[in-house]
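Q: Here the UniProt record's numbering is used: the first residue of the sequence shown is 1, the next is one more, and so on.
In case anyone wonders, no lab produced these hints; they're calculated from the structure.
Treat the hints loosely; a few may be bogus.
Across the chosen pairs, the derived CB separations fall in these ranges [stated by the list, open to error]:
| no. | residue 1 | residue 2 | range |
| --- | --- | --- | --- |
| 1 | HIS121 | HIS65 | 22 to 30 Å |
| 2 | SER514 | GLU336 | 44 to 52 Å |
| 3 | ARG312 | ALA67 | 51 to 59 Å |
| 4 | CYS237 | ARG440 | 19 to 27 Å |
| 5 | ARG603 | ARG293 | 41 to 49 Å |
| 6 | LYS385 | SER514 | 42 to 50 Å |
Because the structure is a prediction, the values reported are computed rather than measured.
Just so you know, even glycine gets a beta-carbon here, dropped at the ideal spot from N, CA and C.
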Amino acid sequence: MIFAIEVNGEERNGPVVPASVLGTNLEVGKFTDGLLLSDRLDNPKFFGPEGADGLAPGWQPRGNHYAGVQYRLVPGLGMNGGDAQTILVYAGRASGAMLQTGRRVKAGERLVAEVWAMAKHQPFGLELSLRPLPVRDPDYGTARVTVDTAYWKKYTAEFECPADDPEAVFVVSVDGPGFACFDQIHLRPAGQPAVHAELMETIESMRLPVLRFPGGCTSTAYHWRLGTGPAHLRPVCHDPVNKSRLEYEFGTGEYLDMCVAQGIQPFITVNIGTGTPEEAGEWAGYCKDWYSRRGMELPDLYFQMGNEQYGRWELSHMDASMYVRALRDFVPRVREGYPKAVIVALGEPTSVGVWQPDSGWRETLLKDGRDLFDVVSINRYKGQKFADPQRQLDNAADSVEKITDDLRTLIRDCREAGSQAKVALTEWNYWMSASHWDGRGFYEPDDVSHGLFYSGMIHALARLAPDLAVANYYHLLNVMGMIRCDHGDVSATSIAALYRLYRPVFPGECLPLSVKPLAQAGEGGGREGGGVLDGDASRAEVRLVSVSVESQGESASAAEEGAGRQLDAFAMRSGGSVWLFVSNRSVIRPAQAAIRMDSSRWRSAVLMTAANERSSLTESMAQTATETIELPPLSLIRIEYEG
Numbered sequence: 001m002i003f004a005i006e007v008n009g010e011e012r013n014g015p016v017v018p019a020s021v022l023g024t025n026l027e028v029g030k031f032t033d034g035l036l037l038s039d040r041l042d043n044p045k046f047f048g049p050e051g052a053d054g055l056a057p058g059w060q061p062r063g064n065h066y067a068g069v070q071y072r073l074v075p076g077l078g079m080n081g082g083d084a085q086t087i088l089v090y091a092g093r094a095s096g097a098m099l100q101t102g103r104r105v106k107a108g109e110r111l112v113a114e115v116w117a118m119a120k121h122q123p124f125g126l127e128l129s130l131r132p133l134p135v136r137d138p139d140y141g142t143a144r145v146t147v148d149t150a151y152w153k154k155y156t157a158e159f160e161c162p163a164d165d166p167e168a169v170f171v172v173s174v175d176g177p178g179f180a181c182f183d184q185i186h187l188r189p190a191g192q193p194a195v196h197a198e199l200m201e202t203i204e205s206m207r208l209p210v211l212r213f214p215g216g217c218t219s220t221a222y223h224w225r226l227g228t229g230p231a232h233l234r235p236v237c238h239d240p241v242n243k244s245r246l247e248y249e250f251g252t253g254e255y256l257d258m259c260v261a262q263g264i265q266p267f268i269t270v271n272i273g274t275g276t277p278e279e280a281g282e283w284a285g286y287c288k289d290w291y292s293r294r295g296m297e298l299p300d301l302y303f304q305m306g307n308e309q310y311g312r313w314e315l316s317h318m319d320a321s322m323y324v325r326a327l328r329d330f331v332p333r334v335r336e337g338y339p340k341a342v343i344v345a346l347g348e349p350t351s352v353g354v355w356q357p358d359s360g361w362r363e364t365l366l367k368d369g370r371d372l373f374d375v376v377s378i379n380r381y382k383g384q385k386f387a388d389p390q391r392q393l394d395n396a397a398d399s400v401e402k403i404t405d406d407l408r409t410l411i412r413d414c415r416e417a418g419s420q421a422k423v424a425l426t427e428w429n430y431w432m433s434a435s436h437w438d439g440r441g442f443y444e445p446d447d448v449s450h451g452l453f454y455s456g457m458i459h460a461l462a463r464l465a466p467d468l469a470v471a472n473y474y475h476l477l478n479v480m481g482m483i484r485c486d487h488g489d490v491s492a493t494s495i496a497a498l499y500r501l502y503r504p505v506f507p508g509e510c511l512p513l514s515v516k517p518l519a520q521a522g523e524g525g526g527r528e529g530g531g532v533l534d535g536d537a538s539r540a541e542v543r544l545v546s547v548s549v550e551s552q553g554e555s556a557s558a559a560e561e562g563a564g565r566q567l568d569a570f571a572m573r574s575g576g577s578v579w580l581f582v583s584n585r586s587v588i589r590p591a592q593a594a595i596r597m598d599s600s601r602w603r604s605a606v607l608m609t610a611a612n613e614r615s616s617l618t619e620s621m622a623q624t625a626t627e628t629i630e631l632p633p634l635s636l637i638r639i640e641y642e643g
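Please take these sequences and the hints and turn them into a complete structure.
A: Structure below.
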C-alpha cells in the first residue's frame with residue numbers, strides 16, 4: 001500500500017513529552033535475586049530449607065556416600081541470626097566437600113573467594129578449588145586456608161582462570177577431623193565492586209530516565225531496613241509473594257547510588273502490606289538523609305502507595321475504602337520524611353472481590369482521597385492466543401489502542417472529579433508466554449510482535465502529554481526484560497535496541513501529523529525536501545494527492561482504518577532535530593510512503609527489520625535520501641531532519 005505522511009514541522013506549541021515515558025521497572029526477588037551482583041555463586045548465604053543431603057539449596061555434596069561426614073543446615077547460627085551451613089568430618093582420613101556446578105568463568109580473569117567461617121572444638125584445614133566439570137581433569141586452581149577461630153571470621157583466596165568455561169565447578173572441602181561452620185561464601189571478580197560492573201555499564205549506557213524499585217508485587221513483602229548497613233550482615237528472608245527467597249545485598253543505598261551515578265529519577269514502591277506507616281515514613285526520611293549527607297539537593301522522588309492492592313492476587317488485597325484509609329495513614333508520614341515526595345496512588349476502576357462482589361475503586365479514590373496524591377496510576381498487560389501471524393500483529397496494535405483508551409478514561413475521570421493529578425502507567429508489557437512454571441525465569445520471546453508493540457506504546461504514551469507523568473516498562477532485567485544477565489554474561493534484547501532508538505528523542509515536543517493512503521502513479525515528478533532511504537530508481541514514485549478510495553471498493557473510513565493498522569507514525573522535535581518514526585505492521589506487505597515535511601533537510605535514518613514473525617527487529621542498512629521511503633514488512637524506521 002502507498003501512503004502520504006504529512007508532518008507539521010513548523011508547529012512550535014506542541015505538548016512537551018518528558019523522558020519519563022521511557023521509564024522501566026527493577027523488581028527484586030525471584031528470578032532477579034543476585035543478578036545485579038558480581039557474585040558467581042547461587043545462594044551464597046545458605047538460605048534454607050536444607051535438602052535431603054543436609055545442604056542448603058544450590059549446593060550439593062561431592063559424592064553420594066557420606067563416609068565419616070555429616071551435613072546440616074542450622075537455623076539461627078549465622079552472623080545475622082539466619083541459617084549457617086555445617087560440615088562435620090568425624091573420621092581422621094575423611095573429608096567433607098560441597099560444591100556448585102555451572103559457574104561461568106572467563107579465560108584470564110581473576111576471581112576472589114570470600115569465606116565467612118568458624119571452627120568448633122579445633123582448627124581445620126579448608127581447601128577451595130575451581131575446576132572443570134569432568135571429574136578426572138585437573139583443577140584450574142586450588143587454595144588452602146586454616147580456619148582457626150571459634151567465631152565468625154573472613155578468609156579469602158584468589159584464582160586465575162586459564163580457560164573460558166560455562167560449566168566450571170567451585171568446590172569447598174573440609175579436612176577431617178573437624179567441625180566447620182559457614183555463614184556465607186562468595187566468588188567475585190578481583191578488584192570489582194559487589195555490584196555487577198559490566199551490567200551496570202550496560203544499564204548506564206541506556207540513560208534510564210526513571211527506575212521503579214523494589215518492584216511491584218514484591219514490594220508488599222519488602223522491608224527496606226534489611227537492605228541497609230554492611231552487605232555481609234544483611235539477611236536473606238522468606239518471600240511470601242513469590243514463595244522464594246528475598247535478598248537484600250542490593251538495597252536502597254545501592255539503588256540511590258545507581259540513580260545518582262546514572263542520572264535516574266528514583267521511583268519507590270511503598271510496602272503497604274507487611275509494612276507500616278511508620279516504616280514508610282522512616283524510609284522516606286532515610287532517602288532524605290542519604291542525599292543530605294552527600295550535600296546534594298533533593299530530587300523529586302516518586303513514592304507509589306502500594307502496587308496492585310485492588311487485586312485478589314496481592315498479598316495485601318483491600319477494597320477502595322480501606323485503600324483511602326491507608327493513604328491517610330501512609331501519605332502524611334512519607335511527605336514529612338521526604339519533602340519533595342511525588343505521591344502516586346493506584347487508580348484502577350475496580351477492586352476485585354473475594355467474599356464480596358467487585359466494587360468501584362477509582363470512584364471512591366477520587367471522591368474521598370483526591371487530596372492525598374499527585375499522580376494516579378494503572379498497570380496494563382496485553383496478549384492473545386491467535387495462531388495467524390497477521391492477527392497477532394493486529395492484536396498488538398489493538399492492544400496499544402486499548403491501553404491508550406484506558407489512560408484517556410483515567411485522565412477524563414480525574415478531571416471530571418475535580419482532580420488535576422497527572423496519570424502514570426507504572427507497569428506495561430505484552431504478555432504472551434511468561435509463567436511462574438516456565439523454567440525460564442518468567443521469559444518473554446524476543447520477537448517482532450513484542451517489538452512493534454513496544455514501538456506503538458511509546459508513540460501512544462507520548463501523545464498523552466502533558467497529562468501523562470511517567471510510564472515504566474516491565475521489566476529492565478531478565479523477567480520480561482530488556483537486558484539479560486545469564487550466569488554473569490550480559491546481553492541486550494531487541495527491546496533494548498528499540499529503547500536506544502527512541503531515547504535520544506526524549507524529552508521533546510510532540511508534532512502533529514497525518515497518514516493517508518495514496519494512488520500509485522506510473523511516473524511522477526520529484527519533490528524537494530522529502531523522504532529517505534531508497535536509492536532504487538526502478539521503484540514507483542508516488543503522486544502526492546489523495547485518491548478516491550471508494551473506487552477501490554471500500555469507504556474512506558475503512559481505508560484509513562486499514563492504513564492506520566498497517567502504518568504507525570509519530571513525530572517529535574528535540575535537540576535541534578525533527579524526528580519521524582514509521583512502522584509497518586504487515587507480515588507480508590511492504591509499504592511506500594511520501595513524506596510531506598514543513599521542516600528542512602534529511603540528516604540520517606535508521607531502519608530496523610524482522611525476517612519473519614518469530615524474529616526480532618534488528619538494524620538494517622539505511623540508504624541515501626530520496627523522495628519516498630519503502631518499508632519492508634515488519635519494519636520500523638527513524639528519520640532525523642534538521643529542525
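Q: Now tell me if each hint is right for this structure.
A: To see whether the hints hold, each was checked on the structure:
no. : hint                        : verdict
1   : HIS121 / HIS65: 22 to 30 Å  : holds (25 Å)
2   : SER514 / GLU336: 44 to 52 Å : holds (50 Å)
3   : ARG312 / ALA67: 51 to 59 Å  : holds (52 Å)
4   : CYS237 / ARG440: 19 to 27 Å : holds (25 Å)
5   : ARG603 / ARG293: 41 to 49 Å : holds (45 Å)
6   : LYS385 / SER514: 42 to 50 Å : violated (34 Å)
When the structure is compared with the earlier hints, a violation turns up for hint 6 alone.
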